[in-house]
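S.K.: Sequence:
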Amino acid sequence: MNFPKRQNFQVSEKPLIIVGSKNPVKVASTESAFTEAFHKGFVVNGITAASQVSDQPKGDEETYLGARNRVVNAKKTFPEADYWVGIEGGIGEDAAGMYAFAWIYIENKSGLHGKAKTGTFYLPEAIAKLVHDGMELGAADDAFFAQENSKQNGGSVGILTHGVLTRQTYYNQAIILALIPFLNEALY
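In terms of this note's numbering, the sequence shown opens at residue 588 and continues consecutively.
Don't read these hints as lab results, they were simulated from the structure.
Errors might be hidden in some of the hints.
[To be verified] FRET-style restraints, in silico, Cβ to Cβ: (1) H749 - P666: 37 to 45 angstroms; (2) T664 - G706: 25 to 33 angstroms; (3) Y775 - P666: 21 to 29 angstroms; (4) K601 - A713: 38 to 46 angstroms.
All C-beta atoms in this analysis are idealised placements derived from N, C-alpha and C, irrespective of residue type, glycine included.
Take the sequences, apply the hints, and build the full model.
M.R.: Next up, the structure:
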């Protein structure tokens with residue numbers, strides 16, 4: 588298998604961002620959020636970086652750890668980047684039912700880091716049952732809604748909002764929130 592040479596990742600003087608996932612939604616939302624926040628362009632590439640958590644993280648602690656681990660592992664692979672981004676989707680449960688969310692963790696080459704969590708939304712009982720039966724949320728959505736690879740498209744949030752929110756727009760706001768320390772370095 589031929590892998591791209593490292594020098595091909597940074598083809599300009601633009602800062603290099605490595606996303607700890609090849610999921611096109613995570614890469615696109617990272618590029619969009621960084622561009623919005625900093626009003627300039629970036630070179631953004633996704634790589635496979637292990638989350639070292641279960642395929643379907645449960646709760647804040649495991650989901651946050653997955654996002655952070657993606658950054659740690661992406662840094663090992665591409666230490667020459669300017670920023671590393673980890674995005675990990677998870678589920679939680681409370682008295683009202685099962686809900687979905689994601690954690691974002693970002694670090695730059697000087698070691699400054701930022702983190703944020705998306706908003707949460709509750710899942711239909713039928714989806715929650717499939718997850719309880721051992722399915723990952725994306726697979727449960729695909730099975731129930733007769734979709735294919737929905738987690739690399741609109742995801743649960745896109746399906747359930749009928750496209751009003753996409754997975755990309757859902758992540759975008761949380762990535763910008765995780766960039767607050769980088770936008771205000773003197774305060775952090």
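S.K.: Against each hint, give a clear statement of whether it holds in the structure.
M.R.: Now for the hints, and whether the structure bears them out:
1. One distance hint, 37 to 45 angstroms for the beta-carbon pair H749 and P666, holds here, with the actual separation near 42 angstroms.
2. Between T664 and G706 the C-beta distance comes to about 31 angstroms, which sits within the given range of 25 to 33 angstroms.
3. About 22 angstroms separates the C-beta atoms of Y775 and P666, a value consistent with the hinted range of 21 to 29 angstroms.
4. Separated by about 45 angstroms at the C-beta atoms, K601 and A713 satisfy the suggested range of 38 to 46 angstroms.
The structure meets every hint from the earlier list without exception.
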